[in-house]
Amino acid sequence: MAERQRGSRDARGSERGGASVALFRLPPPAAGGSPSRADQLILAAATGARRLSDEELREVLEHVAHAGFDPNARERARGELAGIVWKGQVLGGSMMLPPAERHYIKHVLLRREWPEGTTLEDYKESIRAVVLDPASGLATRRYEGRAWQLTVVRRNGALRGPADHEWILVDYRVETGHWMTSYQFSEDPQVERRRQATEVRWLRRPRK
Amino acid sequence: MAATTTEVREKLDLALNALEGELTDLSSILEDQQRGDLPSLERDVRAMEWGQVMGTLRTILDPACRAGQMTPEQVARYRALLVRLKEALPIIERLGFAKPTISLEP
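If you're matching them up, the sequences are chains E and L in order.
My numbering applies: residue 34 is where the first sequence begins, and numbers increase by one.
My numbering applies: residue 4 is where the second sequence begins, and numbers increase by one.
Everything labelled a hint here was simulated from the structure, so no lab data went into it.
For every residue, glycine included, the Cβ atom is placed at its ideal position computed from N, Cα and C.
Hints are supplied without guarantee of correctness; some may be wrong.
[What the hints assert, rightly or not] Some chain E residues judged to face chain L by a derived CB distance under 7 Å, without partners named:
#	residue
1	Glu88
2	Glu108
3	Arg111
4	Gly112
5	Glu113
6	Gly116
7	Ala196
8	Phe218
9	Glu220
[Unchecked claim] Here's a subset of chain E near chain L, in silico, CB distances under 8 Å, partners left out:
#	residue
10	Gly81
11	Pro148
12	Arg193
13	Asp197
14	Asp204
15	Thr209
16	Tyr216
17	Ser219
Whenever a hint applies, use it, and build me the whole structure from the sequences.
Quick look at the structure:
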């Protein structure tokens, strides 16, 4: 568990349809190889080329649920995380962290969006569960007009932490084949999804 | 079940912490971008997290301040953060991050 170093800052706290998958041009995956069939399905749905069958949607969600954060990427800790003790080491602002760890430290430990005691594994498992939950809403969108993403939103329910938000979000980027982020928010999901994004298309609305 | 005063105070403290945290990181994000040392994916992630906090500002902090739900200390801290946010607008513009949609006048 992370804590602030003594003397540093205080801890702070489906639609149905089509029978075949149309082929779309995708940027080469970051890790090389061909785009997965699930990513091609997301693009087909995102561009309105076709509707996904229930079976195809399940295939997409299984893929997204198990995609995880990119284990080979690194994100800078920066000032907000500086002074946190993580894995026995005091974080400096310039240190680079695997995305899963940076997002966990920021959204679970510091901002307390998840319940107290949530571990890194719990955080990742909660993301998988939200992606696979039939109550979750699913939307495709083009972030800043250039990058296709699948966004999953659901009422946070038992995942609500002291920050007392209403919704949990998972963003998956087709280009990389990994989760981008997962956080909780209180904004109307319609507003949240349209921020900085175009071509927003709901594949399934979240249950209220 | 209605939130207790302690829970509301804690929620507002956490929301203020989140706004302060994002403001703290803005300059280093811009510096990295200007040096060509900010991967586009990390930039987009930070833009999304910034947007999350702009939503918190609009749906939690601004209404709570207007409704008199903040302690005097929280009001003072909130007003100071609004000043910092106003000063950071040029950085926000350069990064292409979402602009606040509430009045920044205390």
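Ascending list of hint numbers which this structure does not respect
Structure breaks hints 1, 6, 10, 11, 12.
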